[in-house]
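Those protein sequence lines, which keep their order, are chains A and B. Just so we're aligned, residue 0 is where the first sequence starts under numbering that gives the first Met the number 0, counting upward by one. Just so we're aligned, residue 0 is where the second sequence starts under numbering that gives the first Met the number 0, counting upward by one.
I should point out that these hints are in silico values taken from the structure, not numbers from a laboratory. Just so we're clear, the structure is a prediction, and the values are computed from it rather than from any experiment. Treat the hints with caution; some may be incorrect.
Think about it this way: if two alpha-carbon atoms lie no more than 27 Å apart in a straight line, the pair counts; the simulated DSS-like pairs of lysine-lysine are [what the hints assert, rightly or not]:
{"#": "1", "chain 1": "B", "residue 1": "K53", "chain 2": "A", "residue 2": "K10"}
{"#": "2", "chain 1": "A", "residue 1": "K224", "chain 2": "B", "residue 2": "K129"}
{"#": "3", "chain 1": "B", "residue 1": "K99", "chain 2": "A", "residue 2": "K16"}
The following residues of chain B were derived to be distant from chain A, with all beta-carbon distances above 10 Å [what the hints assert, rightly or not]:
{"#": "4", "residue": "A35"}
{"#": "5", "residue": "F104"}
{"#": "6", "residue": "W209"}
{"#": "7", "residue": "M253"}
Quick partial rundown of chain B residues pointing at chain A, CB under 7 Å, derived from the structure [what the hints assert, rightly or not]:
{"#": "8", "residue": "P47"}
{"#": "9", "residue": "I48"}
{"#": "10", "residue": "Q52"}
{"#": "11", "residue": "A56"}
{"#": "12", "residue": "Q60"}
{"#": "13", "residue": "I111"}
{"#": "14", "residue": "V112"}
{"#": "15", "residue": "F114"}
{"#": "16", "residue": "P119"}
{"#": "17", "residue": "L123"}
{"#": "18", "residue": "P213"}
{"#": "19", "residue": "A232"}
{"#": "20", "residue": "V255"}
A virtual CB, placed ideally from N, CA and C, is assigned to each residue, including glycine.
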Amino acid sequence: MNLFASFTEWKGYGPQKWIGLANYEQMFQDQAFWTSILNTGLFVLYIPAGTIFSIFVAALMREGINGWKTYRAILYIPNLLGYVIMGVIFSIYLRDDGTLNALVRGIFGAPIHFLINPFLAANSIGLILVVWLHLGFGIIYFLAAMNGIDQSIYEAALIDGAGFWKTFAKVTVPSISFAVEFFVVFNFIEVFARMFSFIYTLTQGGPGYSTFTLEYGIFDEGFQKFHVGYASAWSMVLFVFCAVISVVQIRLMQRRDA
Amino acid sequence: MKQASPFGPGARVAVQALMILLVIASLLPLYNVVSASLKSTDEFTANPIFLPQKVVADNYQYAAFSGGLLRYTVNSLLYVPIAVVLYLAVCISAGYAFGKMRFAFRLPLFLIVLFLSIFPQLLLATQVFKLISVMHMTNTGFGAILSWVSYFAPFGTYIMTTYFADMPYELVEAARIDGAGPLRILISIMAPLAMPMIATIAIIGFQSMWNELPFSLLILQTQEQRTLTVGIAMMRGEFGLRVPILSAALVIAMVVPLLTFLLFQRHITLGVTAGAVKG
């Protein structure tokens, strides 16, 4: 149905007019479309940092530092509140007259335009969502995976005189490689298919269309401008990306269950 | 977790310092919201960062009544539990069918379920909205509930399937010899044994549906029907720039998620790892 709609001019109701590939031609010339693709790419670039940092903090907690359970619970709180609440919180927090800028102004004399500068706005979203917000989730996830590692390997490493860093690189990370792959796939799903609520509440895609993603573009064209036929062309692109991710995910699951 | 540690005393201090830094980074935005919600608009302009000098409750009163937050909370507390019950019925029965029964096209159907569980909501939004309007359920809680259950059930079904598939088949055999039908086996034997996982997906379902935005936004367009999540998302425009009132509304919206966390922390922790890390 979506495929058919993508070849038509359609408002979501009333008659559908067949216009062939015109929607796709328009899309490939649409600056907002390429910005969406670039933003998605930018968010993907944050995935390695977010993954490594989560594993690192989980590995520190695994060493049984005092109060690790409390830290684990507190760091999960932002995750728990969901994208809508976090998006609205950051929309207040990062504004030019917001609390963070009150602090910045106190130190540097001028605010940082987190939500007005297109580059900063897109990177704020990437950093907050992919690295900061997923940290609490990643910690719980990787701690559970590390639970499965045989304790005697760590004792052997300690006797051999391997320090934390060496053990981290040679024992911990290789032993949980499966969990790492799943976590990366999970992050890809988040970036391609789960960011709408956060962007809607934090920037509404703005300034201009500079924080659009494919998802947000579909919402904007389809449900705000009622260009449903055109939005369907965007949908087909997103669909292809998601199909690829899904194939990777199903492969991973089959390998684990085998 | 264990006694032997590769950290010396200096490293221990550094690790604790890092943890405290992370805790501050996690809680600072929340602190700001709570502290702003207790200030008058004038005080917030003069003192955006530090604790309020004079605590006021006006913002809460305004957000709850004029802002409609009370109404939205009641809506959410009404819709989401009904949705969770439906969701559990679907996930448990479908999960059992995929996990323990044999029928035609089982594998292809299961792969479709897996694929649907990662599908972006915006790809389905046009179709879902059409379906709901054909059934004359736009602007009704039940319309939203149906859209949530149909969207979130695939993931829960997937988790229940892997759980049921790992349970010993002899249990089913024994019950069948005693003359029990599939429904009876599921209700009296399998479901009680799967209780820990059922509780976990109940929490996952509750959280996802409580926080759901796109479908609710499209289906619940009248103000009286909004859920808390839609209400919060729409509020930015409605309250203009008055941060203290917006903050009070956010604090109200945080209450239920935080309560579920306090009560069901163990299941939430389990839920994070369900479906990926085995064992």
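Now for the hints, and whether the structure bears them out:
no.	hint	result
1	B/K53 to A/K10	violated, 53 Å
2	A/K224 to B/K129	holds, 17 Å
3	B/K99 to A/K16	violated, 48 Å
4	A35	violated, 7 Å
5	F104	holds, 16 Å
6	W209	violated, 7 Å
7	M253	violated, 6 Å
8	P47	holds, 4 Å
9	I48	holds, 5 Å
10	Q52	violated, 16 Å
11	A56	violated, 20 Å
12	Q60	violated, 20 Å
13	I111	violated, 10 Å
14	V112	violated, 11 Å
15	F114	holds, 5 Å
16	P119	holds, 4 Å
17	L123	violated, 9 Å
18	P213	holds, 6 Å
19	A232	holds, 5 Å
20	V255	violated, 10 Å
Violated hints, in rising order: 1, 3, 4, 6, 7, 10, 11, 12, 13, 14, 17, 20; the structure is consistent with all others.
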